[in-house]
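*Asks:* Here is how the chains run, residue by residue.
There are 2 protein chains.
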Amino acid sequence: MLREDVTEAIRAAVFEELASAGYARMSIEGIARRAGVGKTAVYRRWRSKLHLVLDLVSAIAVQGLPAPDTGSLEGDLRLLYEVTSRALRHPVASQVLPDLQAEAARNPEIAEALRKALREGQDGVAKGIVTAAETRGELRPGIDHALALDLISGPLYWRSVVIRNPKLPKDYLESLTRTTTAALKAL
Amino acid sequence: MLREDVTEAIRAAVFEELASAGYARMSIEGIARRAGVGKTAVYRRWRSKLHLVLDLVSAIAVQGLPAPDTGSLEGDLRLLYEVTSRALRHPVASQVLPDLQAEAARNPEIAEALRKALREGQDGVAKGIVTAAETRGELRPGIDHALALDLISGPLYWRSVVIRNPKLPKDYLESLTRTTTAALKAL
Chain A
1 MLREDVTEAI
11 RAAVFEELAS
21 AGYARMSIEG
31 IARRAGVGKT
41 AVYRRWRSKL
51 HLVLDLVSAI
61 AVQGLPAPDT
71 GSLEGDLRLL
81 YEVTSRALRH
91 PVASQVLPDL
101 QAEAARNPEI
111 AEALRKALRE
121 GQDGVAKGIV
131 TAAETRGELR
141 PGIDHALALD
151 LISGPLYWRS
161 VVIRNPKLPK
171 DYLESLTRTT
181 TAALKAL
Chain B
1 MLREDVTEAI
11 RAAVFEELAS
21 AGYARMSIEG
31 IARRAGVGKT
41 AVYRRWRSKL
51 HLVLDLVSAI
61 AVQGLPAPDT
71 GSLEGDLRLL
81 YEVTSRALRH
91 PVASQVLPDL
101 QAEAARNPEI
111 AEALRKALRE
121 GQDGVAKGIV
131 TAAETRGELR
141 PGIDHALALD
151 LISGPLYWRS
161 VVIRNPKLPK
171 DYLESLTRTT
181 TAALKAL
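So the sequence lines, in the order shown, correspond to chains A and B.
Take the first sequence: its position 47, counting from 1, is numbered 47 in the UniProt record's numbering, and each next residue is one higher.
Take the second sequence: its position 22, counting from 1, is numbered 22 in the UniProt record's numbering, and each next residue is one higher.
Everything labelled a hint here was simulated from the structure, so no lab data went into it.
Some hints could be false.
Below, computed lysine to aspartate or glutamate pairings styled on EDC-like, alpha-carbon distance capped at 20 Å [to be verified]: (1) B:170 x B:82; (2) A:170 x B:144; (3) A:185 x B:171; (4) A:185 x B:174; (5) B:170 x A:144; (6) B:167 x A:144; (7) B:185 x A:171; (8) B:167 x A:112.
Distance ranges between label pairs, derived from CB positions [to be verified]: (9) A:39 x B:89: 40 to 46 Å; (10) B:39 x A:25: 19 to 25 Å; (11) B:142 x A:66: 32 to 38 Å; (12) B:131 x A:83: 29 to 35 Å.
Listed next, the stretches of chain A that the computed footprint assigns to chain B, with coverage defined by at least 3 CB atoms under 8 Å from CB atoms of chain B [claimed, not checked]: (13) 151–164; (14) 177–184.
All of these numbers come straight from a predicted model, not from anything done at the bench.
C-beta atoms are modelled at their ideal positions from N, C-alpha and C, and glycine is treated no differently.
Bound conformation, chain A alone (with noise of 0.2 Å):
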C-alpha cells in the first residue's frame, strides 16, 4: 500500500470500530487489524487512540455543513433541517457522536476538540443564518446568539439522537421551521 492509502484505510478503519465497538472498547491492535496494517503503522501517524479521534472529528468539522442562502430565515431554517435530518440517520452521527460525547464528559481534550467542531458545523451554519436574518430586518439585531442556537438545534438533536426517533413524520421538519422561526422572532 501506498502511504497515503494506509493513512486512508487506518482512517476508515477509525469509523468502523467507533461505530461498532466505541471508543472506550477500541483499540489500536484492533483498527490496525481492520485496516491490515501493523500497529506500528498506526503508532507512526497517532500517538494515541486518543489523537486520532481527535484527529478524525478535526477533520469533519472543517469539511462543514453547506450554509444555506435562500433570502429569507424560514427558507434557510428549513434547508439546514433537510441537511441537519439526513447527516443525522448516518451512522457516524447517531451512533459515533453520542459515544465521543461520552468520552467528552470525562476527557477534557475530547469535549473541547467537540465544541471546536460544534462551533465549525452545526453551530456555525445557524450563526450565519441568524446573522443574516439580523440584517434582513427579520430578527431584531442584537439577540442573544447563543440561546437562538439552542432553539435551532436543540429539538431536532433531542427526537433524532435522544429520543432515537429518526423517522420523522411527513410535515415535521416544516413544522418545526414554523415554530423555530416565531421562537426566534420572540427573542
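Following the hints, put chain B in place on chain A, whose structure we already have.
*Replies:* What follows is chain B alone, placed relative to chain A:
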C-alpha cells in the same frame, strides 16, 4: 451488612463507577470492590452489568420529576426548566446520561429502557404541561405532542449536555421560557 444495605451499597457503587469509568469500562469486580462486598453478592441480585444499569435507570424514572401546576403555560415551563437545569448539573445526568446514550446506540435493551425512562420523566412532565395548556385554551387543542416535547426539551439539553455549557447566563431560563411559549403557540 443487612441484605438491604448491601443492595443499597451496590447501587451507590454502580453510580460512582458509571460516572468515573463509564458503562463500557465498568466491571462487576470494580462495583463489588467499591461497594465492599463480594462479586457473588452482586450476581445474586443482578444477572449482569446490563441488568444492574437497566434496574437503576427504571428506578430513577419512577421517582420522576415534580409536575408543575402554576396555572399558566409560561409559569409551568419556567418551573420545569428550573428543575431540569438543576438536574442536568448533577453528575448522574452530565456523565451517566451521555454514557447510557452511547450504549443505547448499540444495545436495543438500553435504548428501550432509556426511552421508557424519558417517557415517564422529562417527556411525561412536558406532556402534562402541554395537555393542561390545551385544556385552558392557551394552546390549540390537538397539536402535535411529539414535536411540542422536542421544542420544550431540546434546547436546554443541547446547551447543557451537547455544548456542555452548564453555566447559564442570568436571564437564560426566562428567555427560553418566553421563546418556547411562542414556538408552542405557533404549532
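*Asks:* None of the hints should be skipped; say for each whether it holds.
*Replies:* Tested hints:
1. Restraint check for residue 170 of chain B and residue 82 of chain B: satisfied, since their Cα atoms lie roughly 12 Å apart, inside the 20 Å limit.
2. Restraint check for residue 170 of chain A and residue 144 of chain B: satisfied, since their Cα atoms lie roughly 12 Å apart, inside the 20 Å limit.
3. The hinted pair formed by residue 185 of chain A and residue 171 of chain B meets the criterion: a straight-line CA distance of about 17 Å does not exceed 20 Å.
4. For the suggested pair residue 185 of chain A and residue 174 of chain B, the alpha carbons sit about 15 Å apart, so the restraint of at most 20 Å is met.
5. As the CA atoms of residue 170 of chain B and residue 144 of chain A are separated by approximately 12 Å, the hinted pair is consistent with the 20 Å bound.
6. Straight-line distance between C-alpha atoms of residue 167 of chain B and residue 144 of chain A comes to about 15 Å, which keeps the hinted pair within the 20 Å bound.
7. Of the supplied pair hints, the one linking residue 185 of chain B and residue 171 of chain A holds, its CA atoms being roughly 17 Å apart against a limit of 20 Å.
8. Only pairs whose Cα atoms come within 20 Å are accepted, and residue 167 of chain B paired with residue 112 of chain A is accepted, the gap being roughly 16 Å.
9. A beta carbon spacing of about 41 Å between residue 39 of chain A and residue 89 of chain B agrees with the range 40 to 46 Å that was offered as a hint.
10. Against the hinted window of 19 to 25 Å, the Cβ-Cβ separation of residue 39 of chain B and residue 25 of chain A comes to about 21 Å, which satisfies the hint.
11. A hinted range of 32 to 38 Å holds for the C-beta pair residue 142 of chain B and residue 66 of chain A, which are about 36 Å apart.
12. Against the hinted window of 29 to 35 Å, the Cβ-Cβ separation of residue 131 of chain B and residue 83 of chain A comes to about 33 Å, which satisfies the hint.
13. Only residues whose C-beta sits within less than 8 Å of a C-beta in chain B count toward coverage, and the stretch 151–164 of chain A has 12 of them, enough to reach three; the restraint holds.
14. Coverage of a stretch by a chain is defined here by at least three residues with a beta carbon nearer than 8 Å to that chain's beta carbons; for the stretch 177–184 of chain A and chain B the count is 7, and the condition holds.
Consistency note: the structure conflicts with none of the earlier hints.
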